[in-house]
Amino acid sequence: MKVKPLKLNKKDFQSFLKDVMKDHDLYAPVRLAEGVSIYKKIESQGEIDLESYNTQKPVKEVFFPQSEAMFRFDKVEDRHRVTSTDEVKRPRVVLGARACDIQAISLLDNVFLGKEYTDVYFLQKRTSTTLIGFACNHPLSTCFCASTGGGPFTREGSDLFFIDLGETYLVEPLTEKGKALTQNKLFAKASAEEIALASDIEKKAVKKSDASLPLEGIEKKLDQLVESRFWDRVHEKCIGCGVCTFLCPTCHCFDIVDEAVNERGQRVRNWDTCLSSLYSLETSGHNPRPTGRERTRQRVMHKFNYFPKNFKKIACVGCGRCILYCPVNFDIRQVLQDIKDY
Amino acid sequence: MVQKKLREKAKELLSKKEVDLIIGFGEGTQPLRATPIFIRTPEEADRLVWNSFCENNLAAYLHKFNRFKVGIVVKGCDARSVTALALEKRFKPDQVVLIGVPCERMIDRKKVKKAVKGEILKVREEGDKIIVLGEGVEVVLKRDDFLYPLCKACTHRNPVQETLLVGDRVEEAALTEPNPEAKEFEKKSPEERWAFFEKESSRCIRCYACREACPMCYCTECFVDSSNPKWMEKSLSPSDLQFYHIVRAYHQTGRCTNCGACERACPMDIRLTYLTQKLNQEVDELFQFETGVDPKALPPLSTYKTDDRQEFIK
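Protein chains in written order, with our numbering: chain A, 1 to 342; chain B, 1 to 314.
Simulated from the structure, these hints should not be mistaken for lab results. Every clue listed holds true.
Computed list of lysine-lysine pairs in DSS-like fashion (alpha-carbon distance at most 27 angstroms, straight line):
(1) A:K40 - B:K114
(2) B:K122 - A:K203
(3) A:K40 - B:K113
(4) A:K313 - A:K115
(5) B:K114 - A:K207
(6) A:K208 - B:K110
(7) B:K114 - A:K10
(8) B:K117 - A:K208
(9) A:K203 - A:K2
(10) A:K204 - B:K122
(11) A:K75 - B:K230
(12) B:K199 - B:K114
(13) B:K110 - A:K40
(14) B:K199 - A:K40
Assemble the whole structure, with the sequences as input and the hints as a guide.
See below:
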């Protein structure tokens with residue numbers, strides 16, 4: 001689709017949201033506490049927080065919630081009954097996601113909408129959603145999207161792309177779905193100056209994202225390190241909590257449990273983390289990943305070796321959350337450098 | 001100065017083979033951070049740092065290294081955790097060499113971040129000042145205004161039971177009321193207290209960083225992970241989150257040293273220490289007991305005395 005940039009004056013932004021909310025469920029960053037925001041369904045426009053840095057929990061949660069009921073069951077007289085959980089009834093719009101988070105959704109498509117298996121829960125949400133990406137004008141020093149095949153202005157995966165120019169947004173419709181949201185009087189054609197300003201901001205932002213991470217050939221290098229002593233010490237400081245995996249926009253492991261009381265209940269899937277010993281603990285009591293060594297190796301291998309083997313892409317978008325929120329300052333950038341140097 | 005001495009002592013311990021490894025702090029990869037490091041050779045000792053960002057309670061790592069002779073860098077609170085763990089027989093007393101550093105109280109990195117607009121790129125300490133560098137800005141903050149609340153209230157900054165001391169002892173006095181967060185919580189009506197607890201716990205993502213960062217949380221199987229019996233469900237329902245937060249705090253009764261590692265570890269900025277502080281206050285009132293201060297005093301909930309107070313049993 002050829003992109004003809006539009007513009008939206010910021011004073012019309014609320015009217016735009018109102019318009020969107022008429023026929024869509026709107027999901028956007030909401031501030032839960034000072035400096036803590038997540039994506040949530042918007043009840044009133046005032047909740048939206050576009051001022052903070054990237055949200056704590058990534059946008060994957062809109063498509064793949066941390067806890068999701070898969071179906072419910074009960075017993076009617078002598079017969080067991082299974083009922084579906086709620087379907088997505090209204091189309092959805094996700095607004096405010098950064099390029100890194102949106103790129104991660106495209107990576108998750110490989111897993112949930114793959115050739116061999118389609119996850120209906122993910123599919124429903126994915127097909128009924130229009131993604132409005134927001135350009136990231138101020139990448140942080142922990143950001144390295146420019147190293148992982150994207151960048152702060154990467155449009156990949158967005159249906160509509162907003163660039164903050166100060167008083168106005170430059171708006172690029174990228175798909176038919178995105179274009180549909182701009183079919184009203186609020187949007188006007190962007191001027192040549194505005195387009196130039198956006199490209200200027202883009203150049204500055206791209207420079208700020210660290211492009212120097214040694215990811216070239218990482219898959220092959222890791223092939224040689226599976227049984228290596230390298231892992232003996234890398235993991236030492238990791239305390240085995242789930243912060244990095246839960247806040248990771250590409251991590252997608254889950255655990256399925258039945259929550260039931262007296263034959264009535266639901267089957268739920270919850271995010272799980274390979275850094276917990278429980279993750280790989282078998283019924284016999286045997287644990288194939290008995291220590292932090294094997295578990296840290298798993299986290300690194302999945303992102304930079306197994307995922308590339310399966311889908312030709314690394315499972316990291318360089319958002320930096322795992323670095324920012326780790327309680328012990330475990331830094332994946334350092335690990336990648338150490339892998340290269342080993 | 002402290003840092004230099006720390007490195008010297010570490011070198012000495014490692015060259016004389018008095019320990020297998022030393023757990024200490026190294027330079028962090030971000031401003032306002034230090035990071036745990038594990039050193040095994042005298043040469044590596046120069047990686048050790050000491051500053052106001054050495055906030056982790058390194059005693060949490062002792063469980064991982066319980067088959068080694070370990071040197072560990074400790075502040076007052078961390079030393080108390082080690083003492084408490086020794087009382088719980090987590091290791092043999094001669095297995096741990098406590099390298100004690102009298103604590104100048106740690107800086108609350110989240111508070112500093114909130115006080116400065118834009119990203120913080122570099123931070124340095126100069127006496128009682130924190131110099132924060134952002135993009136094209138330099139902000140000077142008063143150190144005392146940015147300490148962790150628990151550090152301000154701390155009355156045990158000098159490590160107890162230390163094997164060797166690095167730096168000069170500090171005078172023991174709290175800058176604020178000793179249990180400020182518990183006091184603040186007590187002032188609220190029951191409804192307000194519940195609303196506060198409900199709001200804080202609702203942000204929980206069950207990553208268990210608070211549990212893993214705590215030296216006293218070392219159960220082979222945590223109650224949240226147990227499937228037989230299953231004490232609770234695994235999803236994010238408010239009742240499960242609240243249950244976790246209440247029981248986690250209760251398991252700390254008479255065992256918590258007010259180090260605040262749980263709260264600092266939380267990626268969702270959930271307030272946690274008001275609960276443990278309240279419990280610590282109760283234990284102190286009922287049993288005149290402070291965790292890890294006296295290496296011989298058993299934690300009150302693991303022992304009994306015939307004259308224990310019991311008016312709460314009705």
